[in-house]
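As given, the protein sequences belong to chains A and B, one line each in that order. For the first sequence, the positions run 1 to 400 when the working numbering is used. For the second sequence, the positions run 1001 to 1274 when the working numbering is used.
Hints are computed from structural coordinates only; laboratory data are not their basis. Beta carbons are placed, not taken as given, at the ideal position from N, Cα and C, and that holds for glycine. One or more of the hints may lead you astray.
The calculated BS3-like cross-link candidates involving lysine-lysine, where the alpha carbons are at most 30 Å apart (straight line), are [as the list claims (entries may be wrong)]: (1) B:Lys1201 with B:Lys1049; (2) B:Lys1225 with B:Lys1194; (3) B:Lys1171 with A:Lys69; (4) A:Lys231 with A:Lys69; (5) B:Lys1171 with B:Lys1034; (6) B:Lys1187 with B:Lys1172; (7) B:Lys1034 with A:Lys162; (8) B:Lys1237 with B:Lys1194; (9) A:Lys162 with B:Lys1172; (10) A:Lys153 with A:Lys231; (11) A:Lys243 with A:Lys266; (12) A:Lys158 with B:Lys1237; (13) A:Lys266 with A:Lys223; (14) A:Lys69 with B:Lys1172; (15) A:Lys153 with A:Lys243; (16) A:Lys231 with A:Lys370; (17) B:Lys1187 with B:Lys1201; (18) B:Lys1237 with B:Lys1049; (19) B:Lys1233 with A:Lys162; (20) B:Lys1194 with B:Lys1049; (21) A:Lys158 with B:Lys1225.
Partner residues aside, some chain A positions facing chain B, computed with beta carbon under 8 Å [unchecked claim]: (22) Pro46; (23) Glu50; (24) Gly206; (25) Phe240; (26) Pro376.
These stretches of chain A come out as covered by chain B in the derived footprint (C-beta under 8 Å, 3 or more residues) [stated by the list, open to error]: (27) 99 to 108; (28) 220 to 227.
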Amino acid sequence: MANEHFFDDNTWLNQLAVRGSYGLMASMPSTASSSVIFYNMTTNRPYTDEMESAIYLSALENSDLTWEKAYVTNIGVDLVLFNRRLDFSFDYWWRSSFDLIDRIRTSGIGGQGTKSANYADMKNEGFDIAVSGTPVRIKDFSWRSTFTMGYSKSKITKAEYKPNIYNLTRSNGGNIEGYPVNSLFSIVFDHLDPNTGIPYFIDHEGNVSDYVYFQSTTTKYLKYERQVDPKYTGGWSNTFRYKNLSLNVFLTFQGDNKIRLNPVFKESYSDLDAFSSTFLDRWVDRGDEQYTTVPSIVDAMNQSAISGRYPYNSYNLSTERVASGGFLRVKTISLSYSLPSDLLRKSGFLSNVTFTAAGSNLWLLIADKKLNGQDPEFYNTGGVAQPLARQITFAVNIGF
Amino acid sequence: MKKIYLYSLIFPVVLLASCNNFLDEVPDNRTEIKDVETLAKLVTSSYPKSTYASLFNPRIDNVSDKGNGYSTYTHNTNSFYWRDVTETSQDSPTYLWNACYEAIANSNHAIQAAEKINDDEKIPFVAEAKITRAFSHFILTATFSQLYEPGTANSSPGIPYVREVEDVVFKKYDRRTVQATWDDIEKDLLEGIKDLGIDSKYSVPSYHFTQAATNAFATRFYLYKGEYDEVIKYASKVIPVPGVLVDVSETSVPVYNVSESDGANLWARNNFQP
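Build the full structure now, drawing on both the sequences and the hints.
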């Protein structure tokens, strides 16, 4: 559009382009098979001399399965302004997906209680912004800055499969009609027992109880927290250059999601898992329930009284154990210095020498205090994965 | 120029003609049922992997008070009060229903696959598949529909008798009547018994429908159906020489034969001999 003659007169606009697209996309998911599947197995029997090898039917033929489809609309603008000092690009997209494959409960008469079928629908929309520019460019100094941000939201508009309480409250979140993909729900915490410090909840039948049946598909008493995946994600990179010295600061952020805190509560602890500092705030004696919501460490008698009722597992999946997933992080800072080129030329054989000091994952500037040291980017790893390690590196680059 | 058209027509025809055999090969090492060995393995999976005992025990007088604080499984409570069980996990009605129909699907796949196997050794395994199919349907109809009443029309709804492999997401099934369901079970059972063959064809006979197990199932079937001549006929095949009693009342000690001179044994020998 910048080539159109009505833009001839202005001096600040270098380029303007508008993009748009609309299309039908189809994809074949790898998770579903349309042919019959047989697997080999060894039968489960008490003694080894009774076992025999068998073949079992793992999935029936499913000739109705077809492509997952989506209508995708996209509108974008690209701008280059002020003598190419500022680049701006913006895209807005809508995606209406249909015939998505999801599991569905059948009558079971064919021999498979849940099957895959093309029946789920979902709507997504979002935008992406990228701005980059050079706000300051003088003789020995320049500042270059790049900002990118993405926003997306989703809503499952049709899904018949009924998830149970555990499916929706675990850290990965679950999928249920009317809510975003990977929505996190919580069991509603009610109070601590004034005599034992054992937590009570609104259970699967809407009553106050220390026992919640995780397999129940009655999920209306759960509280919707938010989706697990952030709606906003982005980064801001700044490069300052003064003569041969260059400094890069890169910040990342995300927001508008909730994450499940680590499942630290149990009915009994060992030397390996009793270290959470959350326990410092726990219920210790009668009356504490007015000041704290952290349950007690149970004694042997109460442990046997709650056996089979798992209130501490429920507590791990309750409204008390979620935190906001939003954060602002100093991802990397790097400082580098290149030797001046006239010095290199004198040496006769060096073409470039650069010293670099770089640090990554340095600080979490803004994050929910409830996280208590837990990394908001690593919420669903289950306790075996290491969080992002803080790294500091020094490097010398020599080119001949 | 014309030749180019001709060649461009001939070329794909030649090329595609040779593709046919190639495309018929499966691209991976998937398990297929194509000989008697794989057929026998598939039939091994055609036994329902669920029990109905835990379902019925709380509904009859086989319950006892286990004390407070162990009410984790509400199906026990619901069954005890004869309420609907909403759970779908193990020991629930839904689980039994799905497990039986899963077993039936295994039987049906075996019977379907056997049609393409040209080997007479398949006959006893097809017979086993028919008996397991009859057995699973028998468990289902005894659990989920009215029991068979001899001398009545038995017109209340039965359960769908599945003989075909399902290949679509939702297939319509008809429950028909109890009478029709029991007729189908009887048909499969009799066809199976005829061809069952010797027990040594199984690698582990005690986990399969052996001659004795099949006849015991037939005995049970006709006992439920009220055809007592058939009951005696099949029961005699299970225990050819009656009069040997086995004490199973004390579960803590191994099952042993009751002494020959035991009063009950003497009575049985005098009264049950043919």
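Do the hints match the structure? See the list:
1. B:Lys1201 with B:Lys1049: 22 Å, holds
2. B:Lys1225 with B:Lys1194: 20 Å, holds
3. B:Lys1171 with A:Lys69: 24 Å, holds
4. A:Lys231 with A:Lys69: Holds, at roughly 23 Å.
5. B:Lys1171 with B:Lys1034: 26 Å, holds
6. B:Lys1187 with B:Lys1172: Holds - the C-alpha atoms of Lys1172 (chain B) and Lys1187 (chain B) are around 23 Å apart, at most 30 Å.
7. B:Lys1034 with A:Lys162: Answer violated: Lys1034 (chain B) to Lys162 (chain A) is near 38 Å, above 30 Å.
8. B:Lys1237 with B:Lys1194: Given pair Lys1237 (chain B), Lys1194 (chain B) holds - Cα atoms ~14 Å apart, limit 30 Å.
9. A:Lys162 with B:Lys1172: With a Cα-Cα distance of about 22 Å, the restraint between Lys162 (chain A) and Lys1172 (chain B) holds, given a limit of 30 Å.
10. A:Lys153 with A:Lys231: At roughly 6 Å apart (the allowed maximum being 30 Å), Lys231 (chain A) and Lys153 (chain A) satisfy the hint.
11. A:Lys243 with A:Lys266: Violated - the C-alpha atoms of Lys266 (chain A) and Lys243 (chain A) are around 58 Å apart, more than 30 Å.
12. A:Lys158 with B:Lys1237: 57 Å, violated
13. A:Lys266 with A:Lys223: 22 Å, holds
14. A:Lys69 with B:Lys1172: Measuring from Cα to Cα gives roughly 27 Å; hence the hint holds.
15. A:Lys153 with A:Lys243: 44 Å, violated
16. A:Lys231 with A:Lys370: 20 Å, holds
17. B:Lys1187 with B:Lys1201: Measuring from Cα to Cα gives roughly 23 Å; hence the hint holds.
18. B:Lys1237 with B:Lys1049: Holds, at roughly 27 Å.
19. B:Lys1233 with A:Lys162: 50 Å, violated
20. B:Lys1194 with B:Lys1049: 26 Å, holds
21. A:Lys158 with B:Lys1225: Violated, because 47 Å separates the two Cα atoms, which is more than 30 Å.
22. Pro46: 11 Å, violated
23. Glu50: Nearest chain B Cβ about 5 Å off; hint holds.
24. Gly206: 15 Å, violated
25. Phe240: 56 Å, violated
26. Pro376: With Cβ-Cβ at 34 Å, over 8 Å, it is violated.
27. 99 to 108: As far as the segment 99 to 108 of chain A goes, the hint holds, because 4 residues have Cβ atoms under 8 Å from chain B.
28. 220 to 227: The restraint on the segment 220 to 227 of chain A is violated, since only 0 of its residues have a Cβ under 8 Å from chain B and three are required.
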